[in-house]
Structures are given as structure tokens and as C-alpha cells.
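Full structure from sequences and hints, please.
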Amino acid sequence: MNQRFGALPPSPGARVVLGLALAFTVLLGGARPAHATKAEEVSLDEETPTEKPKEAKGASKSSGDAPEGSDADADSLEPKVRRVIPPYSLPWQLRPVLPISMARIDTSFAFYGVDGASIVTFVGGSYKIIKRVSVFAKVGVAEDSPPTGAGGFNFLNPVLGGALGFWPAKSLKLGVSLGLTLPVGGGGSTAEKGSQETNRAGMLARSGFDNAHFMVDYFSVLPGVDLAWVTHNFTLQGELNIGFLAKVRGLQTEKSSNTDFSTGLHAGYFFFPFLSAGVDLRYQRWLSTPSYVVRDPTGYTKDNFTIGLGPRFHVKLSDTLTFRPGLSMSFGFDNPMSGSSYKIVQLDLPLVF
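Residue 253 in this note's numbering is what sits at position 272 of the sequence shown, and the numbering runs on without skipping anything.
Simulated from the structure, these hints should not be mistaken for lab results.
Do not rely on the hints blindly, as some may be mistaken.
No more than 25 Å apart at the CA atoms, straight line, and that leaves these computed lysine-lysine pairs for DSS-like [to be verified]:
#1 K297 with K109
#2 K174 with K109
#3 K151 with K228
#4 K174 with K236
#5 K283 with K174
#6 K236 with K283
#7 K112 with K174
#8 K112 with K151
Put into C-alpha cells, the structure is as follows:
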């Protein structure tokens, strides 16, 4: 008996169990997923660069000055350490959190009511001028075939803007952006009713997250902020946007200004270096009441709450070129989308370079 602690020594069977448990714990603690290094290839951007190792005091600058067999020779033979960057999950309708060089075609196919359908396509791109700064542009078109009445086809307001990126802490990425719309789109207050309704349907097809593109009589200022936590194979990102819209054309019966608010949350996970899955939760609300909202007796067009989820693939085309196609399904949690049985398929085709 252990006289000091007053406890019996463990039996041989207990020692075996304890040994196996200890070995299993060491294996779990020491093992790391091998695919983390591979996932570096699909990262959007870098963490703050790691510092270069400092030279030893008094060390020679040239290898020729070091005596044979010295520590300098040993250091020169050591393999370079490759820094692993956690992969970033690209959201469906939220912005990329950091400045990025990318071309993108994004199409939403919305099906609603009895054989109603609308299609909205955006073509855009962004270019990273320097590490923390990028500029972007996006143009779009919308088409609607309602269950009853005339449909339409419209060009939408384009948007131009810029983005800044910051790294406030390890694994945290902060992005701010500012966009401006140009009021040149079709389907405004002087257009035919079918053309106007096409823009209303297009807003729902985009979950209310791109309303400024469809408010074609208005010049819009669109500030926004994103914060993302990116670690291992997981991404969690939040976004806040507010749109200030000022009427520059159209009928006098339309309101002279409007304010739009939207927010979203994205979560994504990499199962393999070439495959990830992501989900967006999105909420939009008019802080003011546009004329078409005032004319809605139900008041349902005041806000939208939607979810979109699906897989995304990551195809490395070259050292600097990655194709990241994705397909998602979106649904509305409340009216008007849930009442009209909205089902939205989004085909997203971004090319990161």
C-alpha cells in the first residue's frame, strides 16, 4: 500500500487502460489535418507577414566568410518553413471581407406563385490596387415573367466603389466599403407597369440585398462594414450595410429620399481543399417607406428575412488563378417571400486572381 497517500497501486489491467488513454490523447493532440496546408491555395488573402528570422549576432553576411562546418552552413541547409493560411469561405451575397482581385458572374433564378419566374444577373469585378485597397464595379439585368400580367426586362443601376481591409488580430479580418450607384437603369416611375414590377420582383430574387440597383430613379451612397473570423477550415462573417438614396429623376409622386438597411451572417466550412459549404442568413428592412411599400396594403414589402445555403468548389487553374463556382438555394422565412412560395437558385461563378 502507498503509505503516503493511502491509495492502492493500480492493477495491471488499469495500467493498460491508462496507457492506452494517454497514447490516444497524445495522438489527438499532436495530429493535425494534412489538408490545412493544401487549403492555402484557395485563401483570399494573407495574414500579416511573419517576421524573418533575425541573424545571429556577429554572423557573417556571406556564406564564404563562414568557416566550414559552422552553424551558418547548418542554417543554410534547413528547409524553409511554409506558412499555412486558413482558407476563407466566400459568402453568397455578403461581400468578400478583404480587398481582392476577382471577376464574377452571379445569377439568381427565382420561382414563385403559380409559374412565376424572375432572373437577375450581375456581372462585376474588383481589383486589389495594393494589399489593403481595392476598387470594384458591378452591373446587372433583371427579367420577370409573372403568373399574370405583363413582365419585363430591365438594365439596372450600376455600382462603383472601393474597399479597405485590415487585420485587427490573429484570425480576424475587417473590411469597410463604400459604393455609389449611377441612376441610369430602366423600370423607373415613368416606365410601364410591367417594367416597374420587374424591378420589384428582382429585389425579392436577391433577398433585398441589392435594392439600390433596382431603385433606378435614385442616386445611392452605400457604406458597409464586414468582420470575419477565419481559423483552420472555418469562416464566420457578419456584415452591416446602410443605403442612402436620393431621387434625381422620375415622377414627383415618388419620395425624394429613402434609407435602406441590411445585415447578414455567413458561416462556411472546408471539408476538403476543393470543397466547402456555406450558409447566409440575411435581413433587410426599409428604414423609410418607399412609394411601392406605401402602396402595399399588407406592409409585407417593408422587410425580408431569408436563408441561402449550398456547396462551393475550388479549382486551382494556376499559381495565381482559382475558379470558385458555387450553387445555393434560398428561401424566405416570412412574407412576402414565404407567402408566394419563393424558391431561389443562385449560380455564382467567381474567378479569383
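- Does the structure break any of the earlier hints, and which numbers would those be? 2, 3 and 7
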